[in-house]
Amino acid sequence: MFELLNSHYNYFAVMLLLGIGLYMLIESRNLVKKVIGMNIFQTGIFLFFITLAFRTGGNPPIIKEGGGPYVSPLPHVLILTAIVVGVSLTAVALALIIRIYTEYGTLDEDKLKQLYYD
Amino acid sequence: MTELRPILAILVSAVAIPVILSLKGRPNLREGVTLTVAFAKFGIIASMIPGVLSGTEYEFVVGQFGTGIELAFNVDPLGLLFGLLASLLWIVTSFYSIGYMRGLDEHAQTRYFASFAASLASAVGVAFASNLLTLFVCYELLTVSTYPLVTHDETDEARAAGRKYLAYTFGGGVAVLGGTVLVFVLAGTTAFTPGGIEELATADPALARAAFALLAAGFGVKAALMPMHSWLPDAMVAPTPVSGLLHAVAVVKSGVFGIARVVLDVYGPVTMKELGVALPLAAIAAFTLLTASIIALRQDNLKRRLAYSTISQLSYIVLGLALLKENALTGGLLHIPAHAFMKLTLFFCAGAIHVETHTDDISDMAGIGKRMPLTMAAFAVAAAGMAGIPLVAGFVSKWYLVIGALNLESGGLVFAGALLVSGVLNIAYFWPIVYQAYFESPESHDEKPLIGGPFGGRDEVRADGGEGHDSDDTDDHPSEGDVPDPQHVDHLGKHHEEHEHHGGPPAGGWDDRGWRGGESTWFMLGPILTAATLSLLLGTVPYTAVFLRIVDTIVSNLPGVVA
Amino acid sequence: MIEHLPVLLVVLPIVGGAIPLAASLVSDRAGWPVATLTLVGQTGLAGLLAWTVSSSGTVSYAVGGFAAPYGIELVVDGLSAAVALLVAVISLGVLAYARKAGPHSGPFYGLYLLLVAGLTGMTVTGDVFNLYVFLEITGLAAYGLVASGRDASAAVAALKYLIIGTVGASLYLLGVGYLLAATGTLNMADLATKLGEMAAYDSTLVLTAFGLMVGGLTVKVALFPLHTWQPDAYANAPDTVSAFISALVSTVSAYALARLLFSVFTVDFLTAVPVARWALVGLACVSIVAGSALAVSQDSVQRMLAYSSVSQFGLVVAGFAIATPLAVVGATVHLLGHAVMKGGLFAATGVIERKTGATTVNGYAGMGSRVPVSAFAFAVLSLAMVGVPPAVGFVGKWYIVLGAVNAENWPVVAVLLASTLLTLAYFARLVERLYFAEATIHSKPDEAPVTDGSGQAVSFGMIAVVVIAAALAVVLTAAVPTLEHVLRETLIPVLNQ
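Sequence lines, in order, name chains A, B and C.
Residue 55 in my numbering is what sits at position 55 of the first sequence, and the numbering runs on without skipping anything.
Residue 439 in my numbering is what sits at position 439 of the second sequence, and the numbering runs on without skipping anything.
Residue 386 in my numbering is what sits at position 386 of the third sequence, and the numbering runs on without skipping anything.
Simulated from the structure, these hints should not be mistaken for laboratory data.
Predicted, not measured: the structure shown is a model, and the values here were computed from it.
Please note that a few of the clues may not be correct.
Here's a subset of chain C near chain B, in silico, CB distances under 8 Å, partners left out [claimed, not checked]: (1) 61; (2) 201; (3) 326; (4) 383; (5) 388; (6) 399; (7) 417; (8) 432; (9) 437; (10) 477.
Just so it is clear, CB atoms sit at the ideal spot from N, CA and C, and this is done for glycine as well.
Isolated chain A, as found in the complex (with noise of 0.2 Å):
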């Protein structure tokens, strides 16, 4: 056990962040939380995909004379893009944030329910 978690530990990081992440999204009623929710759950998925690039004794995927090996540069370009899309995601969930809050003064989600279907 202590073995796989010494060995593993990157993937549990994994699962602990994409649990937090889901947690706070379905319990937290406060709208700008279950946003910090979302961006815990996508930065468990960042994460996910810088530890398929790992290789033991790689180097940073800069060629030069001897360099190899390298870890694979794929994933980061890959979640280079999906930290932009994540950055943008939030950005767009905090201006209906905004927005919410100058209607109805509240962030709580059942009493914006109260308010909304009245």
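Please build the complex by placing chains B and C on the supplied structure of chain A, with the hints as guidance.
Chains B and C only, in chain A's frame:
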């Protein structure tokens, strides 16, 4: 041979729809269009009679719309029989509609005439379809275009009836679609072939039976086979010309016609026998024709009684088809026009009585022969025909049917017996109406209808159907998609109409209008007498009246039919 | 020029979308003309592309000159060409509606064109990660558009949509990670060959990837029970946006699902892992039934239409999951047909609301005579959706049922056939009320409240859109043989049958 006439016959009334809609403000011109189109349609179809009788088939292919979806029309004798009948009676009904709708000063007449034109376009499409898929397309369009007519009244009752109508007929449509897909998968085609599609004979029998069951059940809904009949009595809330042409001729016959196509041109008598599906169908038909006759006895509302009579008579046709004997087939097919003429007469009479006196219940009609002598005379003739009395159309077809049933190797007596018993029941539910109309007066008449006590009669029924007004109310506003128990509705339905219409004789009894047409407008009397004459013609000179010749051609073209 | 078509199709709306955004600093007037001009060009390009595909087969394009499987590849076959053309035509059509119905701001048109770019990108891409990016671009633009109404309830709906949509897309991304771990490639064609060889179809890795990717996409398609974002988003967005996204967003997501099934996992996978097929077919069937049941219980017409989408996409996904050529053709026909019908229906609700203030099922009573043209179009579209022949709704159903019968999948056949009645259950009551009931709303048009506050006026263009959609719902049937031909040409190798 490829010809434009089949598609023209369909399109001529389809094209008329926008014209009719655009003439909303000019009723005379609007009805002029309807009549012109009706005559044109009949002319086009009639012009194909000689060719079809001499063996020519007129074909028109619209196109192939993907795998298995071929829209094509073909005028063969069977299609001509139905097409000719529908278009001929549309002319008669159009005149009658004008009299009826204007007589009652009905609302939404433009919608009414437009829907009528659409219904006829679809009905003729059903007649001329040359494969199951095209038939299905037109069958569904017929459902859609008749829906506004059923719901025409815009009352809660009419809406409930319309909902029920849609639920039943679209349910049937789904079964037809399922059956069509199966036939296509099994046989690779759905094109009608006299004597049956060959590939079906060699297909997996279990699937072929399933497909037959689906098709028969699907078409059986519109043919009002029990237990899928209960939409028909409810649909009687529609204006009477609609009940007359659509719910006695075009719509219900499209169901019967569908079954005829399936029996004769998709499966064919030989395959039917091998699969053993003919007998169950015959049994259902026999059961329906007896049960519906008995239920008809108990109806006090004239139109509902006629509706149950229709259910019973339609099963004569289905029985004739299912027996697979030459004479039975002839009888069954000939009963399509015979029943149409007679039932149309009866409905027109009911409508004329409604327009003139606002009377709907049989129990209020004692002595009405004085007020409407010509109408009731036509009624008497048609009723006699329904019972199978010679000289009227019904006799000829029933004669063939009984002979066909007796020709059966086994069980023939049962079916012949069912036919005869039902004939007697026909007399039992029609004769009292005629008798009391002429030979009784509102003051002194017996308790009618025939069965007294808790099963019939006016006051008793009122207690039976609406023990309290609560049950009445619940039925007035059925929830969405809720299909009430048919038996229950029969009584309640009748009960409603008693509440809504205050017909019956005026205080001083019926006034005497004489025999020279003072009883109504000629817009109504003319069609009534025409329809009655047609049923006499078909009963006396069936060959000259063309229909029996067409039927003979159909039957003699069929391979595998044994005398 | 011709060989650059696939990429131009994505670049054009992005460039076009930047102009109104920039111009809005000066004036909001530039939005509509620029968008129209861009989308006319887009439609022309998409038509040209479709023609190229139908005459000379699949077109592929290596973005930036990096050859596949290392670079991003755009692949356009019959299926994607049809969907790309649909996106272009519908977005152009909805513009005619938007001119009067608004919103009128420059940023709105910027987002609108960005959404077109995202949808087109999803359609033409041949790379699973690239698909994720376009999925999120589509999502971002759609969230923004939903919130563009003046009512703040639109913002609440948009946020709900955003959170659920992001989770869906993230799950998809996670699935991509698993695929990458299993095969080391992201190119669809490359994945298709490597999946069977490098990783067994029934290995946990591949199954998890399948589950995550399909699960993520079904959120976007809005299959039951992952549909909860949809009714709020459709009902609260401005009418223009409802019509636009109801017609296209779920449609293109369903296309992506099909692409994933046929071009990444392939039919071999579905055959080797029957449980995957059964899960998908089961989900689709549940969606058909549950969507209809929910639609029947709705009071708001727009929400009813949203739940109807849940049910109809069940039909589409069932067709794709059966995966015989006939069923796939059927699902595609229904996919395209549904886009036209649902878009038309939403546009019609907008017109009816503006003219009479009616938004609920009961409010629609007696509107047949108040707004005859739109009500008639609404009725025609409803019947087409129910599957009354010869409308296109029937043709799609016919093919899917035919495919299911061929596959001898009897329970599915039963559900598919019953779906006609289920659809009838919620549309019939509307049609009945439109024409055969006493009006419950008598207010004059100018007193009618309109939720997004963008004015009550109804332009000729708005009514024209509704009428054309109704006409198309019937006429499109005639285009089915061509579509079937093109699909068979390019899909048969994919379906290897």
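Against the structure, the hints:
1. For residue 61/C, the suggested interface contact is broken, since its CB lies about 31 Å from the closest CB of chain B, more than 8 Å.
2. A hinted interface residue such as residue 201/C counts as satisfied when its beta carbon comes closer than 8 Å to some beta carbon of chain B; here the least separation is about 29 Å, so the hint is violated.
3. The closest approach between the C-beta of residue 326/C and any C-beta of chain B is roughly 6 Å, which is under the 8 Å cut-off, so the hint is satisfied.
4. Proximity of residue 383/C to chain B holds as hinted, the smallest CB-CB distance being about 6 Å (cut-off 8 Å).
5. Residue-level restraint check for residue 388/C holds (minimum Cβ-Cβ distance to chain B is 5 Å; threshold 8 Å).
6. Using the Cβ-Cβ criterion of 8 Å, the hint placing residue 399/C at the interface with chain B is satisfied: the shortest such distance is roughly 7 Å.
7. Hint on residue 417/C holds. Least Cβ distance to chain B is approximately 5 Å, under the 8 Å limit.
8. The interface hint given for residue 432/C holds, since its Cβ lies 6 Å from the closest Cβ of chain B, which is under the 8 Å cut-off.
9. This hint holds: residue 437/C has a C-beta 7 Å from the nearest C-beta of chain B, less than the 8 Å allowed.
10. Contact between residue 477/C and chain B, as hinted, is supported at the beta carbon level, the nearest pair being about 5 Å apart and thus within 8 Å.
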